[in-house]
Amino acid sequence: MISFQWWTIAKADYRMITSRFRQFRPILPFVLGGGLIFWIFYLGPSLAESLLSEMDIYLFSLVAIVLVQFILFFCSLIFFVLPMMSILQDIRDHHFENLFSTPVSPGNLLFGEFLGKMPFYATFALVVGSLFTIALIPLGISVIQVLIILGIFILTFLTSSWIGNVTAVLIRSFLMRNARGRDIGKGVAFLLIIPLVGLMYAAMGGYFDFLLDPEKGKWFGDLLKFFPSSWGAEIIIEFARSPGNLIGINPSTFIQVILLITFTIVVFITGIVFANRLYSLELKSFSAAKAKPGRRFYRVLTMLLGNGSFAVLVSASWKGYTRTVRNLTMLLYVIALVASINIFLMQPEDVEGAMVSTIMITPLLAAFVAGEIGLQGKDSLLLYKQTPTTTFSFVKTKLCHYFLIIIPLAVVMEVIISLLVPNIQLYELFFNVIFQIIMATGLTLFSTGLFLRNPAFHDKAPEYMVNMQVIIFLIMIPFFLGLIFLDQFLYDTFRIINSFYYIMAIVAFCTTTLGLIFLYIGVRHLDRLE
Amino acid sequence: MKTEKTLNRSNGVIQIKNLSKFYSKGQIKAVDDLCLTINQGETFGLLGPNGAGKTTTIRLLNGLIKPTNGTANINGFDILNDAQQVKSISGLLAESPGVYAKLSAYEFLELMGSLYGINKTKLKPRINELLSFFDLLDRKNDLIEGFSTGMRQKVLLASAIIHDPEVIFLDEPTAGLDPRAARTVKQLVKDMSNRGKTILISSHRLPVVEELCDRIGIIHNGQLIAIGTVSDIKDQTQTRTLEEAFIAITSGVPNSSISPWRA
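Residue numbers (my numbering), protein chains in the order written: chain X, 10 to 539; chain L, 58 to 320.
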């Protein structure tokens, strides 16, 4: 009776994604398409020609197939993970209640939701694919060859994102049956990105440089051949080696392309066929998560804080924080980030190195923790105003809670990283810890103040992202400016050769001062919040 | 109370036969052996305390979830075997449904109308008709994210009846609405009822139920424990108001124990 339900869903999904550009919606496909054509066939190749020498382009054409396989594999992984993160971060069952009260079939819904996002996935695939073609066009590959290469990229990445979508829908369906499903979904979404970050740092640290050598990377290439992402790699290399030659394709390469197309079709059909099992509004259980009252930790915490109302408030704030899976996975993410940086990117060889690697992470830790202050909604901030509790008491409670998480974590990270430094002296370790405590304190004040001044009531709110960026990058400014300019100034003026510690002292002073200023601004804003 | 229409009580449009829905391996009985017939053109009110099983019943009847035991017929279609047809001929206003906040009111209704299979040429005037009825025509291109709770409820109600269904399930239809909007909704329900539509309303607002429903059923712990007209229920419980009757039936809490709180 009803045809093209998937098209209706896709249209709605596309409209939602482009809701910010509603006025330009009719011309958006043309602008995007035109821009891509201009980039792929004119601007990109022109830039490549001017930036790369002939030798570079020639070498690029000889690049080991395993490198192309790895890039396709890595990008496929991103295309697999990103839709999963997006879906799991925003599990909304009520939204499905509405849709499934209509005669829409789950297969149509799944395909429609994917189709609505497909233009954006395809655009991203074309941008990644074009990075290859723009360097190959100056070598003389034909338009058809360019289109085939881009087609390979689109097929590979759409398959990955489809698998990612189907997997996410499956997980979402399972999580929706659980009372804490939404929270767990957000937590899982954060965990998914950890392997990608690890891989990225490993690549940046040169751990995959061996792929440039076809001999050394052969075993890795053989391993990657098991993944469909590799099945289109060979044709790209063949085109690069014999530009303009469409006929002389190796039969095995041709079979791999056929295999990739077949795999894509099979994966799409399988997803749609099994969609009926993927969507379910059935609850598994009505039982809600239970709190464990009177745990020893909370008893000790309230005792240490004086057993008064302040202690109860801090304890309540702590409970709310630690019972949210997303908060815990965010902390796990920070730890994984520190580990990845120190394992893959910059093993600390001296005390300064140890300080630098943590100075980049502490702002993120502070932003993640203090960012929760408004996430329970505006009412959670105003709740305190309905009682005789003052704004100052509320902020004091929150700061105490944040300090209890941020400072110990920052210190532990600093100690571990410092101990990796060969022959570190005890006083150096002590100095690093003190510095880290000051930085963590200043950053907590700054983050709390900023999130109070510019509250984010949802983790997808623009304010949340803006505050995060400000916290992470603003503190970097005095650090890098200090390293670049102050270093020379200290030498010229005071003949100080090793100025690193002076710069660090200035950074710590700036951070704490900024923290206090922003906290004051934030508290004043909270006072006026209506 | 309605007086204009004549009810065809001999023909049950909604026939519920031993319908049950259990959770946690049968430990929680959300709906327990429910038997009920609702006739064509009848407006039936389902009352019950929180967690009594009202929403689960509506979800079962709309085919959103599957029963553990029993079944139901909606206008001749079985909820187990003909779930798609059941959805085609019924409309649901869920208790706390999600909306596509990034769509405009018009776009959202266009989506829902298309999913019900309404022809594009018929859909446009129908959307405009509903938006005009709900006083939203001048806001039709505004994104729903900017709407108040009441305005969202109006859009959702419009989406539930966009295909002019024979059977309408309304879960708390006046929730979040101001008195004026609530009156509009009540008038709509009366109009639809007069046009022979069969309506099942679940609500906590007893005056709404009393005003709109031909018969009511009180559900408690998943079981239907009372059924009849409002007068029948009051007579059975020897109470003066529906509220007193409801409390007497569902909790047995004596009136005297709650009256001090009413001051």
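What the hints contain is simulated information worked out from the structure, not anything from laboratory work. Keep in mind that a hint or two might mislead.
The calculated label-pair distances, taken between Cβ atoms and stated as ranges, are [unchecked claim]:
#1 L:ASP248 - X:SER318: 19 to 29 Å
#2 X:LEU179 - L:ARG240: 26 to 36 Å
#3 X:GLU539 - L:ASP192: 25 to 35 Å
#4 L:ASN176 - X:ILE46: 28 to 38 Å
#5 L:ASP192 - X:VAL152: 55 to 65 Å
#6 L:SER81 - X:TYR216: 43 to 53 Å
#7 X:LEU179 - L:GLN84: 24 to 34 Å
#8 X:VAL282 - L:ASN176: 26 to 36 Å
#9 X:ILE26 - L:GLN84: 23 to 33 Å
#10 L:GLN280 - X:PHE33: 52 to 62 Å
#11 L:SER81 - X:ARG305: 22 to 32 Å
#12 L:GLN84 - X:PRO35: 53 to 63 Å
#13 L:SER81 - X:VAL282: 27 to 37 Å
Coverage of chain L stretches by chain X, computed from C-beta distances (three or more under 8 Å per stretch; other residues unrestricted) [what the hints assert, rightly or not]:
#14 149-160
#15 240-250
#16 267-276
Just so you know, even glycine gets a beta-carbon here, dropped at the ideal spot from N, CA and C.
Taking the hints in turn, this is what the structure says about them:
1. L:ASP248 - X:SER318: 19 to 29 Å: violated (56 Å)
2. X:LEU179 - L:ARG240: 26 to 36 Å: This hint is violated: roughly 45 Å between Cβ atoms.
3. X:GLU539 - L:ASP192: 25 to 35 Å: Taking Cβ atoms as reference, GLU539 of chain X and ASP192 of chain L lie about 28 Å apart, which means the hint holds.
4. L:ASN176 - X:ILE46: 28 to 38 Å: Given a distance of about 37 Å, which is inside 28 to 38 Å, the answer is holds.
5. L:ASP192 - X:VAL152: 55 to 65 Å: holds (56 Å)
6. L:SER81 - X:TYR216: 43 to 53 Å: At 49 Å between Cβs, range holds.
7. X:LEU179 - L:GLN84: 24 to 34 Å: holds (27 Å)
8. X:VAL282 - L:ASN176: 26 to 36 Å: With Cβ atoms ~29 Å apart, the hint holds.
9. X:ILE26 - L:GLN84: 23 to 33 Å: violated (43 Å)
10. L:GLN280 - X:PHE33: 52 to 62 Å: Holds, since GLN280 of chain L and PHE33 of chain X (Cβ atoms, about 57 Å apart) stay within the stated range.
11. L:SER81 - X:ARG305: 22 to 32 Å: holds (31 Å)
12. L:GLN84 - X:PRO35: 53 to 63 Å: holds (55 Å)
13. L:SER81 - X:VAL282: 27 to 37 Å: holds (31 Å)
14. 149-160: Per the Cβ count (9), the hint holds.
15. 240-250: violated (count 0)
16. 267-276: Contact hint for the stretch 267-276 of chain L vs chain X: violated, 0 residues under 8 Å.
The structure fails to meet hints 1, 2, 9, 15, 16 from the earlier list, while all remaining hints are met.
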